[in-house]
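Student: For the record, the sequence lines run as chains A and B. Just so we're aligned: 73 in this note's numbering is position 73 of the first sequence, and the numbers increase by one with no gaps anywhere. Every number in this note's numbering is 114 more than the matching position in the second sequence, counting from 1.
Honestly, the hints are just simulated from the structure, not real lab data. Just so you know, not all the hints are guaranteed correct.
[Stated by the list, open to error] Heads up, simulated BS3-like pairs for lysine-lysine below, C-alpha to C-alpha not over 25 Å straight-line: (1) B:K172 - B:K151; (2) A:K41 - B:K218; (3) B:K156 - A:K41; (4) B:K171 - B:K218; (5) A:K41 - B:K136.
[Claimed, not checked] Label-pair ranges, simulated between beta-carbon atoms: (6) A:P107 - B:S166: 23 to 33 Å; (7) A:G61 - B:L154: 23 to 33 Å; (8) B:S126 - A:A72: 42 to 52 Å.
Note that CB positions come from ideal geometry on N, CA and C, so glycine has one too.
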Amino acid sequence: GAVVSQHPSRVICKSGTSVKIECRSLDFQATTMFWYRQFPKQSLMLMATSNEGSKATYEQGVEKDKFLINHASLTLSTLTVTSAHPEDSSFYICSARVRGEEQYFGPGTRLTVT
Amino acid sequence: GENVEQHPSTLSVQEGDSAVIKCTYSDSASNYFPWYKQELGKRPQLIIDIRSNVGEKKDQRIAVTLNKTAKHFSLHITETQPEDSAVYFCAARGQAGTALIFGKGTTLSVSS
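Could you build the full structure based on these sequences and the hints that come with them?
Tutor: Structural data, given as structure tokens:
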């Protein structure tokens, strides 16, 4: 099956700094990747849709200047959390759809902002 | 856009009993409905899915039913085991190419 990786798996940063999370499709090309955020004991909330070679589409309420998404190649999408604050602490999960309907998920990145 | 409601939020059953989780969706154009199992700190794992041209699908102890007219779908787990304990999410996809939208999740606890 399709494999999606994320790096790092865990990151701790100080308030005000920026953090970059990478999402890679290892054995397929992903023209579209999705970024979700999951707070403790809550559901996966779609943040944005990342399209290779074009600007990301953000969901309502998600600040595009705070959560910078870049999808520069068919195998890599990055999410940069700029000027992170403690309320940005969350589990960030990327996913990609190959052919058909199934959506494959990365292992997630646990972000803690102190 | 799509909105998915999921019930119940928590479900406790005895080992061997059946468990049923129900979801409703809002977008009549939605045509793909997967169910995921998520363990703490892990990625969601697809356990079964159904497409809008099918009313029911079964895989061993797990089954999913879909009622397009009523816009709801359900997950059925029979002969539950302690290892079935996890958080289960339903999801729906509207237009082709769009992302999955998730329900709020159900925490299933199976006691032996």
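Student: If a hint holds in the structure, say so; if it doesn't, say that too.
Tutor: Going down the list of hints, with the structure as the test:
1. Using a Cα cut-off of 25 Å, the hinted pair K172 (chain B) and K151 (chain B) holds, with the two alpha carbons roughly 16 Å apart.
2. Between the alpha carbons of K41 (chain A) and K218 (chain B) the distance comes to roughly 9 Å, so the proposed pair stays at or under 25 Å and holds.
3. With a C-alpha separation of about 13 Å, the suggested pairing of K156 (chain B) with K41 (chain A) holds against the 25 Å cut-off.
4. With a C-alpha separation of about 23 Å, the suggested pairing of K171 (chain B) with K218 (chain B) holds against the 25 Å cut-off.
5. The suggested pairing of K41 (chain A) with K136 (chain B) holds, with an alpha-carbon distance near 19 Å, which does not exceed 25 Å.
6. For the pair P107 (chain A) and S166 (chain B), the beta carbons lie near 30 Å from each other, so the given range of 23 to 33 Å is met.
7. Taking 23 to 33 Å as the suggested C-beta distance range, the pair G61 (chain A) and L154 (chain B) conforms, at roughly 26 Å.
8. Between S126 (chain B) and A72 (chain A) the CB atoms are about 47 Å apart, so this pair conforms to the stated range of 42 to 52 Å.
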